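Chains as they are written, first to last, in full-length UniProt numbering: chain E, 1 to 101; chain B, 1 to 101; chain Y, 1 to 101; chain Z, 1 to 101; chain S, 1 to 101; chain G, 1 to 101; chain L, 1 to 101; chain F, 1 to 101; chain R, 1 to 101; chain U, 1 to 101.
Just so you know, the hints here were simulated from the structure itself, not pulled from any lab data. Careful: at least some of the hints might be erroneous.
[Unchecked claim] In silico DSS-like links for lysine-lysine, alpha-carbon gap of 27 angstroms or less:
#, chain 1, residue 1, chain 2, residue 2
1, Z, Lys-84, U, Lys-84
2, L, Lys-84, E, Lys-84
3, G, Lys-84, U, Lys-84
4, F, Lys-84, R, Lys-84
5, G, Lys-84, S, Lys-84
6, Y, Lys-84, B, Lys-84
7, F, Lys-84, B, Lys-84
8, Y, Lys-84, F, Lys-84
9, Z, Lys-84, E, Lys-84
10, B, Lys-84, L, Lys-84
11, R, Lys-84, L, Lys-84
[Stated by the list, open to error] Only some residues are given here: those of chain B computed to face chain E with a beta carbon under 10 angstroms:
#, residue
12, Glu-24
13, Leu-28
14, Glu-38
15, Ala-40
16, Pro-55
17, Ser-76
18, Ala-92
Nothing here was measured: the structure is a model prediction, and the numbers come from that model. By construction, the Cβ of each residue, glycine as well, lies at the ideal position given by its N, Cα and C atoms.
These are the residues of each chain, in order.
There are 10 protein chains.
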Amino acid sequence: MAEPLLEFLVTTELRPVVGLAPEERARLYREERERGFELARSGAIRQIWRIPGAPYRTVSIRVAPTVAALQADLESLPLFDWLKIEVTPLAAHPLSEPPPA
Amino acid sequence: MAEPLLEFLVTTELRPVVGLAPEERARLYREERERGFELARSGAIRQIWRIPGAPYRTVSIRVAPTVAALQADLESLPLFDWLKIEVTPLAAHPLSEPPPA
Amino acid sequence: MAEPLLEFLVTTELRPVVGLAPEERARLYREERERGFELARSGAIRQIWRIPGAPYRTVSIRVAPTVAALQADLESLPLFDWLKIEVTPLAAHPLSEPPPA
Amino acid sequence: MAEPLLEFLVTTELRPVVGLAPEERARLYREERERGFELARSGAIRQIWRIPGAPYRTVSIRVAPTVAALQADLESLPLFDWLKIEVTPLAAHPLSEPPPA
Amino acid sequence: MAEPLLEFLVTTELRPVVGLAPEERARLYREERERGFELARSGAIRQIWRIPGAPYRTVSIRVAPTVAALQADLESLPLFDWLKIEVTPLAAHPLSEPPPA
Amino acid sequence: MAEPLLEFLVTTELRPVVGLAPEERARLYREERERGFELARSGAIRQIWRIPGAPYRTVSIRVAPTVAALQADLESLPLFDWLKIEVTPLAAHPLSEPPPA
Amino acid sequence: MAEPLLEFLVTTELRPVVGLAPEERARLYREERERGFELARSGAIRQIWRIPGAPYRTVSIRVAPTVAALQADLESLPLFDWLKIEVTPLAAHPLSEPPPA
Amino acid sequence: MAEPLLEFLVTTELRPVVGLAPEERARLYREERERGFELARSGAIRQIWRIPGAPYRTVSIRVAPTVAALQADLESLPLFDWLKIEVTPLAAHPLSEPPPA
Amino acid sequence: MAEPLLEFLVTTELRPVVGLAPEERARLYREERERGFELARSGAIRQIWRIPGAPYRTVSIRVAPTVAALQADLESLPLFDWLKIEVTPLAAHPLSEPPPA
Amino acid sequence: MAEPLLEFLVTTELRPVVGLAPEERARLYREERERGFELARSGAIRQIWRIPGAPYRTVSIRVAPTVAALQADLESLPLFDWLKIEVTPLAAHPLSEPPPA
């Protein structure tokens, strides 16, 4: 039986990537999007939304077998050096399984 | 076709309910839990988790046809006067529908 | 020619009114709503919205001939002692009168 | 019947644009102003004011059919990388339609 | 030659005085206003303004021969226990004596 | 009768001007001081003080016929891009005209 | 093989317990200390220190099989309603197993 | 040779003592002052100043053989429950022993 | 008998190292890791964990004979200029030696 | 009789000096240390300590005849542009002269 996965609320904020040649920046953005798709396909990113405003912000529900595994996912992001990421551990809440009325 | 629902990230923090007779407090907590189950059964609360620590904190993904409807759900909570609630509007993010590898 | 009115962004947050008998509290809330309607009818409150969440929060565009007059309007609110009010002075912005395309 | 529009309070703060050649900076400012006029003419920006002080700050009432559409408007701003933008969803408030005295 | 006076920027914020009988509260407010007039007449309060909003806030330019003397003035205020007071020492600025054009 | 002037408390903080050639920086500082003298002579800056510490901070009482006029004064400062400026509108306070003892 | 335990950094701050009869307060403090010894003996609290200052603050390294289990430990504290508790999930760091020199 | 003492910067802020009978409050204040004199006479409080403003604030240089001993001094203060105390450890600085010019 | 060691909670946050040639940056990172191993082997770093998120953050329990000695350890880190480090002194807590049940 | 000196609590934080040639930076650091020794020898810096952590932080007790004179001392520091300095005015506290037991 696979180990139960830990759930996390993860918010990210992307500091503007300045001081890079435009194509270098575009490449990084492409790789970031690609790596994100991999994490989404693998189920490591369960859900993700855009928080409106600037700079770019996201909030996501991520899972991983351990905190270290989650951190490895985050450090694998090409834009890691330009990201501010907060991680909040989550526990189940009784309301998520409401008894029938 | 029902109007598309708006999605919100909602965090709540419950200030300790002091100055009430114990049974009054217990009644409020029961009604709060009951109202929560109703909102969960109706789908208004899509997902909800406990954020560990004190005072009691939750984070949830809630939906409603309008911002006013969401606010009505929140104001219907018996513990509204003891709650600090932050609402963040959410937009879809491309990563939530990753193309096949 | 009446003096040009000053424009202000005004945000309010209502600390829960505790320690009052229920009917006393209901009376205050009614008077607050009544006084609000007067300010709205007089044009002193140009626009007002509810910011979702808890405690009760509003944001409004208010006008007054002077800063002192605005403060008098605010101090006339029955719930003044339970309100946290921030006032930001506003200046016209060129985008508010876009030239024809 | 067009979908009811969502209303937002949007505040912007422009970090000083440094490290660019003067004419490059002037071009960006012109394009930003032009894009702003388009959004104002289209009604996407309903009202906008200058908040006095430095750096440049504005507060505006913006509308859009969805949160994603609002975010697209914001990301279309040429100065997006230099802007700090906060978005607050708005709900109607009873005071905005005062009954006759 | 009297010692040169020290200048201070002093901001005050009055926490709502709750839990007192109305006449007790009114008496305190009267004494506070009375003591304020004394400090103003003595020149200890050079200038004072109301900062709009709630709770009651003021900003003032106060002078005193020493920091201890200023503190004694502040501690003499009947509402001291309900006040949040910040004190910023001031130094002369060259712009305050502009040379003739 | 000239329009009554609006009064403002204005605080400024000067981010260190880095990345400029020394003479360029010295020129900017001279022009800033010159423009300041003009505003002081015109009465737009009524009073100004140095707040001790680093970076350079000032607090001043400024007047202008409108909020927009105040903003124009501030935007005319050569060091505008390096300044953090907060503007607080002021209303008269009864203590500023104490009745005779 | 018992499931690997999760590690958390947990800080607590105790709001002064006011409004209780002295012996009631003393009983609560005794029960809190007793419950603490149980958690320490069980290994749930691995290490705990006093952070000097006021109000009472502690920092501790706690372990639990799941986030929910940790939260249950915290909610079992008699003084839960008077505690502000922050929980930070921890991952192993390479420095904790330095290779021989 | 007595153990070298540790040096600390200690700031205190006294929340207004409300809800106590006047003589009870006066007794507490007297005992607090008395205990303070003991700590000063013993050298545990090396230097102490009043920070102007409200509520009452002090900053002091305190010494103790260990952090636990410092904490015991602080917890011995009769007003401990109404105090917010921050403790900063101090290390010697080369400037404190300037070589002869 | 060696002097009793002082215990500290130390948190570090590493600002992204930008503006350096890649190999220069890699060298610094290697030296930082090497110095960390030395401090761990010497026992100066008792325990250390990774706090998940970005930028890189750690929390550690460090010991040193004096505050100055701890500061010397910190200043010996090659990445000192890119680190934000907070130091909290620790005192023993009674719970760390629970009496037998 | 020399004018009584004003006492100040002064905290400094040194932003890392980046973007300078190493010898330029070393020269600045040497001049800063030299100027510091002068201020210490003159008694302008009465006491100074290192606050552990990063970036470099100090807390000191400084004296000067006027606030302007203190500001002149601070502005004479070669590293002024890289320093964040907060100044708190101090008043004598009764505990600093405890009556005999």
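Results of checking the hints against the structure:
1. Z:Lys-84 with U:Lys-84: Status holds; Cα separation ~24 angstroms.
2. L:Lys-84 with E:Lys-84: With Cα atoms ~25 angstroms apart, Lys-84 (chain L) and Lys-84 (chain E) stay inside 27 angstroms; holds.
3. G:Lys-84 with U:Lys-84: Distance ~15 angstroms between Lys-84 (chain G) and Lys-84 (chain U) Cα, so the pair holds.
4. F:Lys-84 with R:Lys-84: 25 angstroms, holds
5. G:Lys-84 with S:Lys-84: Holds: Lys-84 (chain G) and Lys-84 (chain S) sit about 25 angstroms apart, inside 27 angstroms.
6. Y:Lys-84 with B:Lys-84: Status holds; Cα separation ~15 angstroms.
7. F:Lys-84 with B:Lys-84: Holds: Lys-84 (chain F) and Lys-84 (chain B) sit about 24 angstroms apart, inside 27 angstroms.
8. Y:Lys-84 with F:Lys-84: It holds: about 24 angstroms lies between the C-alpha atoms, which stays within 27 angstroms.
9. Z:Lys-84 with E:Lys-84: With a Cα-Cα distance of about 15 angstroms, the restraint between Lys-84 (chain Z) and Lys-84 (chain E) holds, given a limit of 27 angstroms.
10. B:Lys-84 with L:Lys-84: 15 angstroms, holds
11. R:Lys-84 with L:Lys-84: 25 angstroms, holds
12. Glu-24: 22 angstroms, violated
13. Leu-28: 16 angstroms, violated
14. Glu-38: 8 angstroms, holds
15. Ala-40: With a closest approach of 4 angstroms, the Ala-40 (chain B) hint holds.
16. Pro-55: 15 angstroms, violated
17. Ser-76: 14 angstroms, violated
18. Ala-92: 7 angstroms, holds
Consistency note: the structure conflicts with the earlier hints numbered 12, 13, 16 and 17.
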